[in-house]
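Novice: Put chain B on the given structure of chain A with help from the hints.
Heads up: the sequence lines are chains A and B, in that order.
Quick note on the working numbering: the first sequence kicks off at 73 and runs consecutively.
Quick note on the working numbering: the second sequence kicks off at 73 and runs consecutively.
Incorrect hints may have been included.
If several chains are the same, the list does not tell them apart, and a pair holds so long as it fits within one copy or across any two.
Stated by the list, open to error - No farther apart than 30 Å at their CA atoms in a straight line, the calculated lysine-lysine pairs in the DSS-like style are these:
1. Lys177 / Lys357
2. Lys236 / Lys127
3. Lys268 / Lys181
4. Lys200 / Lys380
5. Lys480 / Lys591
6. Lys236 / Lys628
7. Lys425 / Lys483
8. Lys200 / Lys177
9. Lys151 / Lys487
10. Lys471 / Lys320
11. Lys357 / Lys541
Hints were generated in silico from the structure; no laboratory data involved.
2 protein chains.
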Amino acid sequence: MPRIDVSELQVERQKFKPILPKILKNGAEYIKVVKCKFIEPISNQSQYEIQRIFKNTYGFPEIVFRKGINIAIKRKTVKVAVVFSGGQAPGGHNVICGLFDGLKKVNKKNILIGYIGGLSGILKNEFKVISERTLRNYRNTGGFDFITSGRTKIETSEQFNLIKEEFLRNKVDALVIVGGDDSNTNAAVIAEYFAKEDLNKYVVGVPKTIDGDLKNKYIETSFGFDTATKIYAELVGNICKDVNSSRKYWHFIRLMGRSASHVVLEVAFKTHPNIVLIGEEILSKNMTLSKVIKTVTDIIVKRSQLGKNFGVVLIPEGIIEFIPEMRELLVNINNVIGNNTKIISEIYSIDQKIEFICSKISSKLSNLMNSLPFDIASQLISDRDPHGNIRLSLIETEKFLINMVHAKLLKLRKKGKYQYKFSPISHFFGYEGRCGIPSNFDANYAYALGYNAAILVLNGLTGYLSNIKNLTKFPKQWECCAVPLTTMMAIEKRISKNKPVIQKSMVDLQGKPFINFIKERDKWILNEDYISPGPIQYFGPSNITNMTTKTLQYEKKL
Amino acid sequence: MPRIDVSELQVERQKFKPILPKILKNGAEYIKVVKCKFIEPISNQSQYEIQRIFKNTYGFPEIVFRKGINIAIKRKTVKVAVVFSGGQAPGGHNVICGLFDGLKKVNKKNILIGYIGGLSGILKNEFKVISERTLRNYRNTGGFDFITSGRTKIETSEQFNLIKEEFLRNKVDALVIVGGDDSNTNAAVIAEYFAKEDLNKYVVGVPKTIDGDLKNKYIETSFGFDTATKIYAELVGNICKDVNSSRKYWHFIRLMGRSASHVVLEVAFKTHPNIVLIGEEILSKNMTLSKVIKTVTDIIVKRSQLGKNFGVVLIPEGIIEFIPEMRELLVNINNVIGNNTKIISEIYSIDQKIEFICSKISSKLSNLMNSLPFDIASQLISDRDPHGNIRLSLIETEKFLINMVHAKLLKLRKKGKYQYKFSPISHFFGYEGRCGIPSNFDANYAYALGYNAAILVLNGLTGYLSNIKNLTKFPKQWECCAVPLTTMMAIEKRISKNKPVIQKSMVDLQGKPFINFIKERDKWILNEDYISPGPIQYFGPSNITNMTTKTLQYEKKL
Chain A
73 MPRIDVSELQ VERQKFKPIL PKILKNGAEY IKVVKCKFIE PISNQSQYEI
123 QRIFKNTYGF PEIVFRKGIN IAIKRKTVKV AVVFSGGQAP GGHNVICGLF
173 DGLKKVNKKN ILIGYIGGLS GILKNEFKVI SERTLRNYRN TGGFDFITSG
223 RTKIETSEQF NLIKEEFLRN KVDALVIVGG DDSNTNAAVI AEYFAKEDLN
273 KYVVGVPKTI DGDLKNKYIE TSFGFDTATK IYAELVGNIC KDVNSSRKYW
323 HFIRLMGRSA SHVVLEVAFK THPNIVLIGE EILSKNMTLS KVIKTVTDII
373 VKRSQLGKNF GVVLIPEGII EFIPEMRELL VNINNVIGNN TKIISEIYSI
423 DQKIEFICSK ISSKLSNLMN SLPFDIASQL ISDRDPHGNI RLSLIETEKF
473 LINMVHAKLL KLRKKGKYQY KFSPISHFFG YEGRCGIPSN FDANYAYALG
523 YNAAILVLNG LTGYLSNIKN LTKFPKQWEC CAVPLTTMMA IEKRISKNKP
573 VIQKSMVDLQ GKPFINFIKE RDKWILNEDY ISPGPIQYFG PSNITNMTTK
623 TLQYEKKL
Chain B
73 MPRIDVSELQ VERQKFKPIL PKILKNGAEY IKVVKCKFIE PISNQSQYEI
123 QRIFKNTYGF PEIVFRKGIN IAIKRKTVKV AVVFSGGQAP GGHNVICGLF
173 DGLKKVNKKN ILIGYIGGLS GILKNEFKVI SERTLRNYRN TGGFDFITSG
223 RTKIETSEQF NLIKEEFLRN KVDALVIVGG DDSNTNAAVI AEYFAKEDLN
273 KYVVGVPKTI DGDLKNKYIE TSFGFDTATK IYAELVGNIC KDVNSSRKYW
323 HFIRLMGRSA SHVVLEVAFK THPNIVLIGE EILSKNMTLS KVIKTVTDII
373 VKRSQLGKNF GVVLIPEGII EFIPEMRELL VNINNVIGNN TKIISEIYSI
423 DQKIEFICSK ISSKLSNLMN SLPFDIASQL ISDRDPHGNI RLSLIETEKF
473 LINMVHAKLL KLRKKGKYQY KFSPISHFFG YEGRCGIPSN FDANYAYALG
523 YNAAILVLNG LTGYLSNIKN LTKFPKQWEC CAVPLTTMMA IEKRISKNKP
573 VIQKSMVDLQ GKPFINFIKE RDKWILNEDY ISPGPIQYFG PSNITNMTTK
623 TLQYEKKL
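Extracted from the complex, chain A is given alone in its bound form:
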């Protein structure tokens, strides 16, 4: 592992002591694990199928913690492994710190190892033993560079065998996977495999993603969402100020966050841009591409009539999946790619790949494909990730929208309905926010999630997601628990195959955040209600340093 150079701020942050929820404060020895009743699955579809696949880990009860004495746990020595899986999120290192401290608190002989580069580290026997000395420099820092991450998916029997062999040889008792929906699906699958094989080895997941889409009626939010949206809001807020100062540009800003529009919604609450596109709303209103363009163009024309040839547009990374004709096109491309992986991989030129795919889809869709700019078309057929997801971050939707809007404005100009200069500037913010130094909220939350995961594996629980509730209250009042992973699963089609996956959460159009957004957004369109939230503050007044997301605040408000 490379040595780490730390900035002055990181040095100061290393002194920060995360605040633990009250129940965790004295460690596993003083916690009684209580199995509650079986809880309702998130989805009511395909539960029979899920139960069939997860014979040994389906139907587990929810877990809560109560004060109590648990001396047996002190005598046992365990070896736990941790991996990061998928994209970075601020707070990852604090999960490891919490896990490490939780394991060591109860028994100094407990061991934590970290597999390098995600789950593939297990397959390749690449790991490091974690000590206070090596971990110290990473406390409250951003990034996953301590043990790095990966996107390997475990699905073949060869892979399962390798994991089993590695864990038996290395005497690993439990695995903690820090990941998003796909990685926690993997956690569930590995937990089931260990249970089926009767290996007495446990798997626990930790909810990580900046996208904010790993939440549901049991999980309030994932760690990383708070910090990442604060970083994006800093940038968007600065651009709003810039727009309002120079008053001559239209900034089209796409924000990372995969399909769901949670990131855009949260950043909109913090900055009040003029136009905010929400994928889920576009889908529910069945808005065609030309309707979306018209909505944006109408506002540009209206502002221009007020002498305001400037503004800010927020675009979710995943918008393209929500526009009906584009959605249909993507589903069809996915199917063609899924059914012709080998053939397509052997076609060298992008033109020919597009041509091949067009030959396998309806003429309506093939016409649509051919009407798209070449850049966009080639981005649509680019490689999928190992979970079958299209890599939305690579599709420059913001530029595509600018081109479409520009063309529409030119038409209006010819008709004499628009006479100003349209000066657009495009941005995509994503990588900038995944490795920020975690906010106080994420530093506390991720640390508690890791500590909580330690309690779970020490108690021999498997197939669970580490879970913390009551997050809008002070950390001391947070409630610690665990939700069975299979409770959150449903069957989904991924590259033409049905797979059990943990359900991603989309923006709920009946939910409080969206309803509040609807109430506010009309004011933002023609005015300059811009807000500049500024950079994350770690020191200073508590209303600035400790507040979590507006989304969570709205959701928890009665």
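Specialist: Frame of chain A, contents of chain B only:
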């Protein structure tokens, strides 16, 4: 003017009281202005010409302040106007606050007005009277939205007449122009005009630019550079962490800063990226485009041989002006545009514009032009700003370099010398940093510059740049003075015409910052010495909140 919505952080920042240099603390009444000796011009070229153009304002002495009694100033009532000119820089509002407080401290009846939208506000008689009530919400905030900015250049006799009429009618005694090199050139020209016309009206400039290129042996730095480079460094540092966590991408990051590479150099000091291109070095080594590409590609290949298919490249916005053949091309395009403005403006299609320009330059240059990707070629012939500068921010050099590097790697791959996947991601950071909430340094510095400008105009000085020295010391120890604007001027060719302009400062290859950079950069190439400085902190330990740029620290170190 639009109403202002403020974030929680801005509310807290409004409570921040900038620390004044000791000499300014009691206001103009207790300051004696001392005229020092005539100081050497920055450039020793074309001084005769400068003297000829600035007959009434050339050869002024430097000004310093000493403790003393100046009661006369208290009895006089003045009306001062302020304008923002050019791009935004963090701290602009604090210049106005310092100016306002400095004027009011000595006489409550003094009036400050702000012309709207830059110098064009004077021509259009658009202004607002500034009061504590209207100013309060803008103290220590980013942006120029309080009175907005513009890029109008004053050069025609009609414009000069309009300014004269406006100032006579509106009874304005003095004008403070907050701007960069071109805007301060304008300040010098207007000061000369007022002096020539014997109007008894004064003009003072304030050094503003995030680019860091308005500095010289008299001026230590401009306000805004500190905050902007801290914001860019936050983003680059986060990306470095991301790169080191996922270990699969090469990020090519272009940073705003016009021709000079100061911004890139400062951000490099703070983040330690693998490859840092410095325009001035490329020029001095006479590196051709293919040599630049080879330098980058060689490092990518070397890192790849170590299993490191990832890294970070920093690219100055202005790099293209420093590559010899590109420089020659740009100079020639500028001349063709300058000599054929009307003809070119009447050519509708970009293809035909390129064709026309190619017909007017040598066949070598026309071949180069035709070898460039269409995007880049069309960006090269895009409109110049009113000062004749090419709008470098619009040229996507980072993508151009990626394409060239990619092509080179493909060739190496065919020869079996490179066998890995090259996954590049491009970024351009500029607008994100121009309107950030000013750092403590910029909040103090800009406030002091404004306060200092108030002392200058109250004392009837004209043709000066407000100047503060000793900036690496505590604000109380800062020294206040003023440098004649004409001292910093030379004759330059702008769109084929010779013009007197304030000299931009390029990175000095013999200067301490660059020498320190040379010492360090080799370590960064093959290692991951990345540093994540994190976001600007306004509260907390002083080593985090009050340090200014590494550039200034190196420059001031003995």
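Novice: Against this structure, judge whether each hint is valid.
Specialist: Hints, verified against the model:
no.	hint	result
1	Lys177 / Lys357	neither (53 Å within a copy, 59 Å between copies)
2	Lys236 / Lys127	within (19 Å within a copy, 88 Å between copies)
3	Lys268 / Lys181	within (29 Å within a copy, 86 Å between copies)
4	Lys200 / Lys380	between (57 Å within a copy, 19 Å between copies)
5	Lys480 / Lys591	within (29 Å within a copy, 54 Å between copies)
6	Lys236 / Lys628	neither (42 Å within a copy, 61 Å between copies)
7	Lys425 / Lys483	between (33 Å within a copy, 23 Å between copies)
8	Lys200 / Lys177	within (20 Å within a copy, 64 Å between copies)
9	Lys151 / Lys487	neither (73 Å within a copy, 48 Å between copies)
10	Lys471 / Lys320	both (18 Å within a copy, 25 Å between copies)
11	Lys357 / Lys541	neither (33 Å within a copy, 60 Å between copies)
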